[in-house]
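All chains should be modelled from the sequences, with the hints used to inform the complete structure.
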Amino acid sequence: MRAAAVLGLGSHRPALRVDNHAIAARTDSSDEWIRERSGIVTRGVAGDDESTVDMAASAGGKALAAAGIDADAVSLVLLATCSMPGPLPGGSPEVAYRLGATSAGASDVGAGCAGFTYALSMAADAVRTGSADHVLVIGSEKLTPMVDPDDRGTAFLFGDGAGAAVGGAAAVDGIGRGAWATDGEPHAARTHHRTPVQLAMNGRAIYRWATTSLPDLARRACANAGIEPGDLAAFVPHQANLRITESVVKSLKLPASVVVARDVVDSGNTSAASVPLALTRLHEQGEVRTGDQVLLLGFGAGLTAAGQVVRCP
Amino acid sequence: MSVTTDTNTILAGLAEVLEEVAGTPADKVVREAGFEADLDIDSLTMVEVVVACEEKYGVRIPDSALEGLRTVGDAVDYIAGAAA
Numbered sequence: 001m002r003a004a005a006v007l008g009l010g011s012h013r014p015a016l017r018v019d020n021h022a023i024a025a026r027t028d029s030s031d032e033w034i035r036e037r038s039g040i041v042t043r044g045v046a047g048d049d050e051s052t053v054d055m056a057a058s059a060g061g062k063a064l065a066a067a068g069i070d071a072d073a074v075s076l077v078l079l080a081t082c083s084m085p086g087p088l089p090g091g092s093p094e095v096a097y098r099l100g101a102t103s104a105g106a107s108d109v110g111a112g113c114a115g116f117t118y119a120l121s122m123a124a125d126a127v128r129t130g131s132a133d134h135v136l137v138i139g140s141e142k143l144t145p146m147v148d149p150d151d152r153g154t155a156f157l158f159g160d161g162a163g164a165a166v167g168g169a170a171a172v173d174g175i176g177r178g179a180w181a182t183d184g185e186p187h188a189a190r191t192h193h194r195t196p197v198q199l200a201m202n203g204r205a206i207y208r209w210a211t212t213s214l215p216d217l218a219r220r221a222c223a224n225a226g227i228e229p230g231d232l233a234a235f236v237p238h239q240a241n242l243r244i245t246e247s248v249v250k251s252l253k254l255p256a257s258v259v260v261a262r263d264v265v266d267s268g269n270t271s272a273a274s275v276p277l278a279l280t281r282l283h284e285q286g287e288v289r290t291g292d293q294v295l296l297l298g299f300g301a302g303l304t305a306a307g308q309v310v311r312c313p
Numbered sequence: 001m002s003v004t005t006d007t008n009t010i011l012a013g014l015a016e017v018l019e020e021v022a023g024t025p026a027d028k029v030v031r032e033a034g035f036e037a038d039l040d041i042d043s044l045t046m047v048e049v050v051v052a053c054e055e056k057y058g059v060r061i062p063d064s065a066l067e068g069l070r071t072v073g074d075a076v077d078y079i080a081g082a083a084a
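Residue numbers (this note's numbering), protein chains in the order written: chain A, 1 to 313; chain B, 1 to 84.
If you are wondering where the hints come from, they were derived from the structure by calculation, not from laboratory data. What you are looking at is a predicted structure, and each value in this text was computed from that prediction instead of being measured. Some hints could be false.
As the list claims (entries may be wrong) - Only some residues are given here: those of chain B computed to face chain A with a beta carbon under 7 Å:
1) T7
2) L44
3) V51
4) D63
For glycine and all other residues, C-beta sits at the position ideal for the given N, C-alpha and C.
Take a look at the structure:
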């Protein structure tokens with residue numbers, strides 16, 4: 001089987017930023033309370049001209065440009081999202097159309113905040129088996145319209161944005177085998193299916209599951225790449241909450257040499273977009289370099305999780 | 001695993017957990033102390049305390065029980081009952 005690697009990254013961050021004060025005023029909360037519980041200081045909020053598909057196409061186009069891949073060479077577009085306006089149609093066909101990837105297949109991937117890392121594993125396997133030559137993997141979310149602005153527990157959590165990666169054949173494997181986990185016990189997490197759809201969560205149950213389950217999943221993903229967590233150049237977990245990140249970092253006993261993504265501080269929780277947004281930021285800021293090994297770890301509603309070690313393009 | 005139901009021993013063990021998880025000084029960990037009101041332990045830190053206690057005492061403390069654990073004494077008695 002041939003090897004697969006990440007060839008390019010791209011992101012779309014909304015221009016509009018909303019800080020904690022604006023949200024706290026409506027929820028009898030405070031900037032300090034929000035920071036203590038989540039680490040979040042500000043988040044991007046998409047405008048009217050920034051739909052889930054708009055942002056996905058923007059991030060996807062940048063990733064293709066970074067990879068030096070023409071749109072007509074894309075075999076498959078995978079869009080990880082949970083924030084399309086409705087269950088049908090998926091957003092990926094329109095993203096492919098707008099980018100000019102007219103010979104590509106397209107499918108949305110639904111795994112909540114773990115969607116991107118699941119999709120990236122599917123992309124890598126499609127390249128390895130020869131089902132696809134180049135796969136554009138995008139996480140894009142417009143979550144803020146789905147948030148209950150009066151819910152003190154969740155109004156501050158979410159943000160909007162998109163991130164993308166191009167996977168393709170390479171001389172050396174740069175996308176480690178995926179590691180998965182799930183816990184479908186119904187009490188753990190839920191969304192209210194009413195109109196409009198609103199996000200709700202049992203934060204305490206998710207926090208317990210995340211902090212007790214993710215370290216093992218992270219070790220398995222590293223083992224799949226033949227390395228120890230301490231060998232990583234960087235750790236990019238889903239940006240759910242800074243306290244989950246810090247707890248997992250502590251459990252894994254990551255040395256100070258491992259760069260840890262803390263994009264949640266500036267972006268909030270952007271669900272399936274958070275991992276590629278955070279990875280792209282580290283890459284743009286020079287905190288990770290070409291060939292560096294980075295652990296991506298997605299987890300979210302379901303509950304479901306997936307991770308893999310990738311080499312930076 | 002050694003399991004104890006001696007409440008004084010559990011109290012001392014809980015103080016160790018709180019020091020480790022939240023940096024709480026041991027002398028503040030008395031039965032009457034409220035986790036949130038007196039020890040500044042918020043709901044997420046409380047989850048970490050509970051998980052650490054579960055490992056230490058081999059008991060299961062479900063999320064549904066957490067609401068009732070307002071003071072150190074509540075937690076000591078719950079662990080003692082669950083471990084008995």
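Original post:
Hint numbers the structure violates, sorted upward?
Top reply: Violated hint: only 1; rest satisfied.
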